[in-house]
Amino acid sequence: MMRRRTLADREEVLGGAMLAPALAYVILLVGVPFVLAIVLSFSNATAGSLRFGWAGLRNYAAILADPIFLRALRNSAVVTVGSQVLVVILATAAAQVFRATFRGKRLARFVLLLPWAVPVSLAAIAWTWIFDSTFSVINWTLKAAGLLHGWLYWLGEPALALVAIIIVQAWRILPFATVIVLAGLSSIPQEIVEAAIVDGAGFWRRLFQVELPLLLPVVTVAVLFGVVYTATDLGVVYILTGGGPANTTHVLPTLAFQRGILGADLGQGAAIAVFLLPFLIVVAVAMLRLARRAEVGAR
Amino acid sequence: MIRRDVRRALKRTGLYAAAFGFMLFAGFPFYWMLITAFKQNRDLYVGASDLSHVPWIFNDPPTLEHVRLLFGQTDFPRWVLNTLVVVVAVVAITVAVAVPAGYSLARLAGRWGERMGMGIFFTYLIPPTLLFVPFSRLISLLGLQNSLGSLILIYPTMTIPFCTWLVMGFLRSVPWEIEEQAMIDGYSRLAVILKVAPRLIVPGILTVVVFTFTLVMQEFVYALTFISSVERMTVSLGVPIALVRGDVYHWGALMAAALFTSIPLAIVYNLFIDRFIQGFTVGAVKG
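Protein sequences, first through last, are from chains X and V. Going by the working numbering, the first residue of the first sequence is number 2, and it counts up by one from there. Going by the working numbering, the first residue of the second sequence is number 3, and it counts up by one from there.
The hints are simulated quantities; they were obtained by calculation from the structure and are not laboratory data. Be aware that one or more of the hints could be misleading.
Partial selection, computed: residues in chain V whose CB lies under 10 Å from chain X [claimed, not checked]: (1) F60; (2) P63; (3) P130; (4) P158.
For every residue, glycine included, the Cβ atom is placed at its ideal position computed from N, Cα and C.
Same shape as in the complex, but just chain V (with noise of 0.2 Å):
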């Protein structure tokens, strides 16, 4: 019994060790910004072949000097303000025009709802990075290149396919009959999409709103090809490009920025990823 013991005990330790090992594969850039952010200078720029200065570590006291860096003399309070402002707008369109569609496709549209939806989802896999190139024209023949404008046009092509599938996942999950009752008791069909159906959809459109921010805050390819100008960039263009100041990099104000816009993605991450994953196993993972 004693060997039974021991081969739990090890098997126990090799799991610790296996999850730690994941977690600092994973972790281990976020606690170099948190520890970058909040260094003192000469304790960050000392060549790692000094190998008598351990990096790991704060060598001297934490200062929030990089902080007061990045609020008080860059454009980073600019650059969360036009993010807002794209995310606002890039959800209410999304809201306004996805949902609808969702609601469509699950309960109006008989047999082919499912193959549109599949069609519109498939939209979600054309990448920006083919369509930069004919949006920068289109772009500049609508007069909004270097505009936040340009970004709340563009962001829903890729949020309206992904959320329309989310919405209409979402309402398979949900039992007909409320609805079904609803007409019983009178309401005509549309009564029922305008009274009835909101209460029941809340939950899909809260996971709508969720995604569509985390993509606005994450998206790079299409801010960096139509903004130009540093007053009009969001915060994840801004950071990496317009930070670097010249030649000059501000490790300390970089990887603040980096942590403070992460933290809130991560917060938000964790508490939907488990709605996210519903729409992107696509029946492959039955439930």
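So that you can see chain X by itself, here it is in the shape it has in the complex (with noise of 0.2 Å):
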């Protein structure tokens, strides 16, 4: 014999105020402040000052009309797209090495995830420093390799610091990659594989036709992560170079940071940071497109 049931049984309500407090944080500390960020955008808002009046499309004019913003925005672009390329090779070759059992595996899977772990202001300092102009370890490396005659100032010059900043953030996001790519090979079923290699596939063949075609959900999602991770990240150029030299190596965030937080421009900054939302947007659609094909996939 069931209990009667009393307010304690329904379900409704119960769920409806657990889950209370986790809604009114999100709304409230997400929501609101997302749309203040584009409302910012619109406004003539100061830091010092708690007024702010409506400045129309000012901010977007003066922003567009702006160099350092244009670089700014190339920049961000040239950053994401260049480290994702890197890391979608690199940790495709990775999740292949990682597979096959090899002695003191344990150790290099340690190794491989450090870069992860650790806070990318710290690492960024770290690399800071690798990268410095007198004392850079990989310009010692090179020049004793005999590979280098003259000398690279690493974050001295625009082109090689945005090469710099691409090694970092592949750095940055290649453990994640790996694992999550390790993660798809090892939900690939056995029998396909195995179909492969009684059909006469070799190695080479059964990665590009038969895994990496099975794989690119995956694949897609490691991108997806790794797109927010970089587009939006302040920590690496910010401690690297600082968008310098003369502004040339800004991205979108370290550009809104300065003008919108030291510069004391509320709106302007806002109005910066909102040319992250096609990244986000592009992201966001991509990964509930492939949720519902999983969805789909999965009844």
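With the hints as a guide, bring the two chains together.
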């Protein structure tokens, strides 16, 4: 015999009460600031005073006419695409290596995961030291190997600094992407791979015609998170170059910080940050489509 | 058959070489932290154009000088303490808010639970760099600027969405029968939640705690935006920003700080990596 149902048995009441604090937090402290970020971009708000008025499209007009902004926008795209291309190639290769069994694999895996664990600001300061203009160990090694005759001012030349930023971003995302691709590899049904072997497919054929197509959804997830982490990251560029030399290596987040927080022009800072939205919308839509496909596939 | 053996040996060598290459790429900055943190200054500051001085090894005996500087003459211990305060507070808030929410979505919400969970998870994708401008205003309106309170209030906006999702996913893998049996035995739904569910959910809570800990240790953007005085900084902010005195970089102490902060995080990550991954792959991988 079941007990009589009371208030303590009403699932919708309990469910609502348990969900309410999380919803409140997300709505008040993510939803509202998100809307505020967009509203601020149309205002002339400054950090000094609490009042702000409507500025229409003036902030957008100002930044679109600003070569530093256009450069930052381009840098954001270059860094994001460059690092993700590098990550996809390296992660697919690394996953093939780490799928095999070999001696010392646990240690190798531990080391491979290190970049993901370290705080991004501390990793960036370590790389700043590695790329130092006088003491760079990279330059020493290249010179000692006879590969470098001049000198590389890693963080002192715009193009080279962007390369350095791409390297650091790829380094930071690689462990995450590798682990995700590995998870995807292990979920490929063994029969499919065996069937390919029986049919006489070699390693490369198997890789490109059997495994990679099956891995596509997983690689997509890795890339999507990679795009979010790279495009919206402030720490690496802020610490590595500070946007310099001469504002040539800014990305959207560092420029938004410089204008909005250091320069106290909240309106313009918000307008610059809003240009991150296209990156995020593409990612969100792609993830929703993937999730739907997974849902359909599960039925 | 010999040719086959040779091919096998070549393949093994290639495998080890590739594994070593990836280890080198991933681990090199950490080796560099280690060697820099314990090198004497005269061994450290030799220009890279001097090819006779090999920077990869200790040319002079190692020293604890930088470590002593870091712990004795900088604010590093203070930053560690600040970070721990924020970690404890944010963990408490996150567990109190996200665990019930995850349970609700997994067990009580029925069909719309999945959609709702997805919606909450998506807010995790909204980055700090989009929100720091409005937050800087909000924080000054609340009078929290330059205080640890600002971080304690704002960090849960990043941990709650992901942890709600983690707990929901975790509960999906816990069989419903135990709770069902308790209800048949005469427990009310509420009593099941209060008395039976907590025991089932412990590993999930542990993951939430670890995720929150690592996220708070790593966060940089909000700390940079809200905190201006050196004695209120967290480790991830203070080390790169305030350990640089004027134009003088104390590279030894800097790398020692980076190293000591990375070690506990690396160990924790290694233990919990698989649980995090389950959270991230969002159904794209079917295990």
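Verification of the hints:
Against a cut-off of 10 Å between C-beta atoms, the interface hint on F60 (chain V) is violated, since the closest Cβ of chain X lies about 14 Å away. A least Cβ separation of about 20 Å between P63 (chain V) and chain X goes past the 10 Å threshold, and the interface hint is therefore violated. The closest approach between the C-beta of P130 (chain V) and any C-beta of chain X is roughly 8 Å, which is under the 10 Å cut-off, so the hint is satisfied. The closest approach between the C-beta of P158 (chain V) and any C-beta of chain X is roughly 6 Å, which is under the 10 Å cut-off, so the hint is satisfied.
Consistency note: the structure conflicts with the earlier hints numbered 1, 2.
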